[in-house]
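Peer 1: As a plain string of letters, each chain reads:
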Amino acid sequence: MELIHPTNTELYALVLHDAPFVIAAYGLLWLMFCGYVTFILVRLVKTDKQIALLEDAVAKKG
Amino acid sequence: MKRQIQVAVVLIVLGGLLTTAAFFMSFYTASVQRFGTYTAEGHVDTVFDIAPSSEQVAGGVTYGRPWLAQKIFYFHVPVALASFLVFTIAAIFAVMFLIKKKKSYDTRSRLAVETSLIFTLATMITGILWTRASWGVWWEWEPRLTTYFILMILMVAYFVLRNSVSDEERRATYAAVFCIIAWIDVPISFMITRLIPSSHPVVFQPGMDVTNLVPFIAAMIGMLGVGYAVYMLRAAEENAEERLDMIREKLEA
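Sequences listed follow chains A and B, in order.
Everything in the first sequence is counted per our numbering, starting at 6 for the first residue and increasing by one.
Everything in the second sequence is counted per our numbering, starting at 83 for the first residue and increasing by one.
Just so you know, the hints here were simulated from the structure itself, not pulled from any lab data.
Glycine included, every Cβ here is placed at the ideal spot set by N, Cα and C.
One or more of the hints may lead you astray.
[What the hints assert, rightly or not] Straight-line C-alpha distance at most 25 Å; calculated SDA-like pairs for lysine to any residue:
# : chain 1 : residue 1 : chain 2 : residue 2
1 : B       : 332       : A       : 43
2 : A       : 51        : B       : 87
3 : B       : 185       : A       : 61
4 : B       : 84        : A       : 24
5 : B       : 332       : B       : 171
6 : A       : 54        : A       : 65
7 : B       : 84        : A       : 33
[Said to hold, decoys possible] Computed spacing ranges between beta-carbons, pair by pair:
#  : chain 1 : residue 1 : chain 2 : residue 2 : range
8  : A       : 55        : B       : 224       : 21 to 29 Å
9  : A       : 10        : B       : 223       : 42 to 50 Å
10 : B       : 92        : A       : 10        : 27 to 35 Å
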């Protein structure tokens, strides 16, 4: 006996016709936000490191 | 600055939780909505029905197709409204810059336009996926889509303008004037589906069911939180870069 009756598979395919679009919309939205936030955070960490290095150089010079 | 970053991260996590809650509420607790559109005859709510198409399945049984793509609206609309709101804030800062001529207002305006552009791109992505699912096309030059596309182009043009002027003061003044002029498209884009015939549905209207309103408000608060967090993070980055420039100057001197 099959796990899912073929008519049900057909029915679920109809019901979930738009599901990939809904899931893709939500997923892409958050992927974009997370990507952008990660990009900003990486740049912030780099800038912080540079600041620390230059402050050390200023202190040594002073 | 570290506190600013911590608050921003917390806001992003909260925004993520709220929009995820809204996403699931839209499937489990929200009732299936009927949407309104404006045609030449006036406001009708029959174009976007619960089941816009029926499909024949094996055995001669016809099943109505539940219109699942409407669930996209529970995060598409909050993102779009957030983009309008953040761009309005950018225009307010632009006006303040023109009045007070303080560099900080120009920076705030630029950061708000940048945040708004991110939200506009997110709106475009979610909207295009809805259009493909519901209309069967990726794009249609109907009034809402066209005016929103113009808004996105204006935001991109804002940065092109900024990069093309080297004098700092002139750049800030031109950008502020351009931002205010570009903002005029915000009320036009927002109101257009309510004023002229448009195939874009008017999703959230007065008197809507509480089961639809709750996930919408949750997603709206979440998106505004994310918007503020993105703005704060960019502001923290700007401050750090300014500090870096100051130390460099000090070292060179």
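Peer 1: Could you run down the list of hints and mark each one as holding or not?
Peer 2: Hints, one by one, checked against the model:
With a C-alpha separation of about 30 Å, the suggested pairing of residue 332 of chain B with residue 43 of chain A is violated against the 25 Å cut-off. Only pairs whose Cα atoms come within 25 Å are accepted, and residue 51 of chain A paired with residue 87 of chain B is accepted, the gap being roughly 14 Å. Note on residue 185 of chain B and residue 61 of chain A: the hinted pairing is violated, with a Cα-Cα distance of about 29 Å set against a maximum of 25 Å. Using a Cα cut-off of 25 Å, the hinted pair residue 84 of chain B and residue 24 of chain A is violated, with the two alpha carbons roughly 40 Å apart.
With a C-alpha separation of about 35 Å, the suggested pair residue 332 of chain B and residue 171 of chain B falls outside the 25 Å cut-off, and the hint is violated. Between residue 54 of chain A and residue 65 of chain A the CA atoms are separated by roughly 17 Å; this keeps the pair inside 25 Å, and the hint holds. At most 25 Å may separate the alpha-carbon atoms for a hinted pair to count; residue 84 of chain B and residue 33 of chain A exceed this at roughly 28 Å. Hint check: residue 55 of chain A to residue 224 of chain B, Cβ distance near 49 Å, so the stated range 21 to 29 Å is violated.
Under the hint 42 to 50 Å, the C-beta atoms of residue 10 of chain A and residue 223 of chain B, about 44 Å apart, fit the expected range. Distance hint check for residue 92 of chain B and residue 10 of chain A: the Cβ-Cβ separation is about 48 Å, which falls outside the suggested range of 27 to 35 Å.
When the structure is compared with the earlier hints, violations turn up for hints 1, 3, 4, 5, 7, 8, 10 and for no others.
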